[in-house]
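Full structure from sequences and hints, please.
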Amino acid sequence: MNDQQPSVEFVSSFDPYVYQTLASVVGGRIVVQLSNNSVVKGVLKEVMPDHVVVETNGTPFYVRIQQIIWVSPASHK
Amino acid sequence: MFKRVNRLQIELPVPEYGDANAAAAVQELLGGKFGEMSTLNNYMYQSFNFRQKTKFKPFYDLVASITAEEFGHVELVSNTINILQKGTSFAGDPDLTPLQNGKDQRNTYALIATAQTSMAGDSMGNPWRGDHVFSSGNLVLDLLHNFFLECGARTHKMRVYEMTNHETAREMIGYLLVRGGTHVLAYAKAIEMATGVDITKMLPIPNLDNRKFDHARKFEDQGLGNILFTWNDEGQYKDIRSIWKGDNPLNGQPLVVQDGIPKGGPIPDLDDLPEEFAPGIGPDEYQQIAKRLLANM
Numbered sequence: 001m002n003d004q005q006p007s008v009e010f011v012s013s014f015d016p017y018v019y020q021t022l023a024s025v026v027g028g029r030i031v032v033q034l035s036n037n038s039v040v041k042g043v044l045k046e047v048m049p050d051h052v053v054v055e056t057n058g059t060p061f062y063v064r065i066q067q068i069i070w071v072s073p074a075s076h077k
Numbered sequence: 078m079f080k081r082v083n084r085l086q087i088e089l090p091v092p093e094y095g096d097a098n099a100a101a102a103v104q105e106l107l108g109g110k111f112g113e114m115s116t117l118n119n120y121m122y123q124s125f126n127f128r129q130k131t132k133f134k135p136f137y138d139l140v141a142s143i144t145a146e147e148f149g150h151v152e153l154v155s156n157t158i159n160i161l162q163k164g165t166s167f168a169g170d171p172d173l174t175p176l177q178n179g180k181d182q183r184n185t186y187a188l189i190a191t192a193q194t195s196m197a198g199d200s201m202g203n204p205w206r207g208d209h210v211f212s213s214g215n216l217v218l219d220l221l222h223n224f225f226l227e228c229g230a231r232t233h234k235m236r237v238y239e240m241t242n243h244e245t246a247r248e249m250i251g252y253l254l255v256r257g258g259t260h261v262l263a264y265a266k267a268i269e270m271a272t273g274v275d276i277t278k279m280l281p282i283p284n285l286d287n288r289k290f291d292h293a294r295k296f297e298d299q300g301l302g303n304i305l306f307t308w309n310d311e312g313q314y315k316d317i318r319s320i321w322k323g324d325n326p327l328n329g330q331p332l333v334v335q336d337g338i339p340k341g342g343p344i345p346d347l348d349d350l351p352e353e354f355a356p357g358i359g360p361d362e363y364q365q366i367a368k369r370l371l372a373n374m
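One line per chain: the protein sequences are A and B, in this order.
Per the numbering used here, the first sequence starts with residue 1, numbered consecutively.
Per the numbering used here, the second sequence starts with residue 78, numbered consecutively.
Simulated from the structure, these hints should not be mistaken for laboratory data.
Everything hinted at is true.
Not close to chain B: a few residues of chain A, all C-beta gaps over 10 Å, as computed:
#: 1; residue: Val-8
#: 2; residue: Tyr-19
#: 3; residue: Gln-20
#: 4; residue: Thr-21
#: 5; residue: Lys-45
#: 6; residue: Met-48
#: 7; residue: Val-53
#: 8; residue: Arg-64
#: 9; residue: Ile-65
#: 10; residue: Gln-66
Okay, the calculated bits of chain B under chain A, using three or more residues with CB under 8 Å as the criterion:
#: 11; region: 87–95
#: 12; region: 155–166
For the chain A half of the interface with chain B, some residues (derived, Cβ under 7 Å), not all of them:
#: 13; residue: Val-31
#: 14; residue: Asn-37
#: 15; residue: Ser-38
#: 16; residue: Val-39
#: 17; residue: Lys-41
#: 18; residue: Thr-56
#: 19; residue: Asn-57
#: 20; residue: Thr-59
Remember, predicted model here, so these are calculated numbers, not experimental data.
Don't be surprised by glycine CBs; every beta carbon is placed ideally from N, CA and C.
So this is what it looks like as C-alpha cells:
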C-alpha cells in the first residue's frame, strides 16, 4: 500500500543521577523497593544504565531501574 | 495414635524470591472449605467415629490411613505458604516503615498476626471451620461425600495453579493433584465395593488429565497415581488391599499398596525477621539461652 516505511523513533528512559548514585555503592548490601510492592535484598553487584544486579544467596536478580521506587543501604547482615 | 516424622512428603524448591499474594491464594488449599485441613479433619473424625470397624475393616483402614497422609498435606501446604512470603519486608527501625509493602497485600494477617507464615484460614482470611467436617456415620454417604470432597479439592488446586506460576506453589500443587487424583479413585473404588456401582466411569472430574500440568507429570511418571501408602510401620491398615486392587482406569497400570511412608524431603527452615520480632531473640540473649540449655547435661 504505502511503499514508504514510517520512521520509528526509539525512546529509552535514563535516570542519570540514579545511575550515578547506585554506581557509587556497588559491593554494598542494599534493599531495593520495587513498584510491585516487593523488595529485593542483597549485595549490589553491578550497575548498568537501565538495570542493576542484586545478588541474594548466590542468586542474581537483574532489576530494571525503571521499576525501582527507592534504594536503601541494608541495616543488617 | 499418631507418630511424627520430621520430613515433608516431597522436597520443595526454595527460590530466593516470593509472591505474597500467591501465598494468600494458596491459603485456600490449606484452610478453605475444600482445603487440606478439611480433608484431614473429615477423614480423621470419620475414622474416630466409624461403627463396626472390624466388620468393615478395609473401609476403616482406607479412611484411617488417608487421614495420616492428609496431615502431611497440611504440613506441605503450610510450608509452601511460608516459602512464598519471601521478599515482602526488610529489616529496619520501626520508623522506616519496614512492613510498608504489607499494607497493600491481600493477606494483612500474614504481616500483623503470623509474621509472614501460614494461618488456619482460607484465601479471604476466613478461619477454617469445624462444620466443614461431614461425619454422618452412614458408610456409603460418608464415602460419597469424600469422593465429592476430593473432586472439589482437585478443582481448587487446578485453579490456584492457574493463578500463580511460582515454582514452590506449582511443585506442591503438581504433587497434590496426583495424590488427590489417587484419593478420588480410592473413594470411587470403595463406593463400588460397598454398592456395586462403578463410579470410576465418571473420572476425572473436572475432565482434565493431571498430565496437562507440567509439575504434575513427573509425579505421574513416578507412578504416584497408582500407590496407596499405609502410613504405618507396624503392619496395620493393610486391608486397603481388598479395595485398592486391579488396574488404574486412567492409565491402565496396576494399583499398588505400599507399606509405610514415602521417602520425602527436608523441612525448609525460615530466616529470622527482625522487623516482625520473630523469633525475637537477639545474639546476646541467644548466648545466654545456649548457656542455660547446655548446662548440667
